[in-house]
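A.B. asks: Sequence:
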Amino acid sequence: MKSLLEFIKTEFYPLLIRERIVPVVIGVLLALAAYDLLSPINFFAARLYEYAAFGEIRPGFILGGELMQLAVVLLKGAIVVLLIAWYLKHKYPVEKD
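Residue numbers for the sequence shown follow this note's numbering, so the first one is 37 and each next one is one higher.
Among these hints, one or two may not hold up.
Stated by the list, open to error - Simulated restraints, written as ranges between beta carbons of each label pair:
1. 111 with 39: 17 to 27 angstroms
2. 107 with 67: 28 to 38 angstroms
3. 107 with 62: 20 to 30 angstroms
4. 42 with 106: 40 to 50 angstroms
Claimed, not checked - Under the rule of at most 30 angstroms between Cα atoms (straight-line distance), these lysine-lysine pairs were calculated in the DSSO-like manner:
5. 127 with 112
6. 45 with 112
7. 125 with 112
8. 125 with 45
It is worth saying that the hints were derived from the structure and are not from the lab. Heads up, the beta-carbon is just placed ideally off N, CA and C, and yes, glycines get one too.
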């Protein structure tokens, strides 16, 4: 088991970095997260405008599925941002003097 971990650490992971596989995967995840973040926010804004335009705003209407969907998407976006921050922290470590 130790040799497999050493192989991954010394051979496989540097190959992924050198061949730019990890940055491409992170870029794709970021693009998907951006799309995923924007579509429910636009949907939520459109629903809010629709309720306001037709005078159907009731107390508590916001507690429906739109707010839950928005919360889940924001959580997914936060996870992607944390993954990118973790990657950048390991790619460009801060050198202590």
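A.B. asks: Taking the beta carbons of residue 111 and residue 39, is their distance inside 17 to 27 angstroms?
C.D. replies: 38 angstroms, violated
A.B. asks: Can the suggested window of 40 to 50 angstroms be confirmed for the beta-carbon pair residue 42 and residue 106?
C.D. replies: 44 angstroms, holds
A.B. asks: Just to be careful, I want the Cα atoms of residue 125 and residue 112 compared with a cutoff of 30 angstroms; is the pair within it?
C.D. replies: 20 angstroms, holds
A.B. asks: Assuming the hint says 28 to 38 angstroms, is it satisfied by the Cβ distance from residue 107 to residue 67 or not?
C.D. replies: 21 angstroms, violated
A.B. asks: Given a hinted range of 20 to 30 angstroms, is it respected by the beta-carbon distance of residue 107 and residue 62?
C.D. replies: 24 angstroms, holds
A.B. asks: Can you confirm whether the C-alpha distance between residue 127 and residue 112 stays at or below 30 angstroms?
C.D. replies: Measuring from Cα to Cα gives roughly 23 angstroms; hence the hint holds.
A.B. asks: Taken at face value, is the distance from the CA of residue 45 to the CA of residue 125 at most 30 angstroms?
C.D. replies: 17 angstroms, holds
A.B. asks: For the pair supplied as a hint, residue 45 and residue 112, is the alpha-carbon distance within the 30 angstroms limit?
C.D. replies: 28 angstroms, holds
When the structure is compared with the earlier hints, violations turn up for hints 1 and 2 and for no others.
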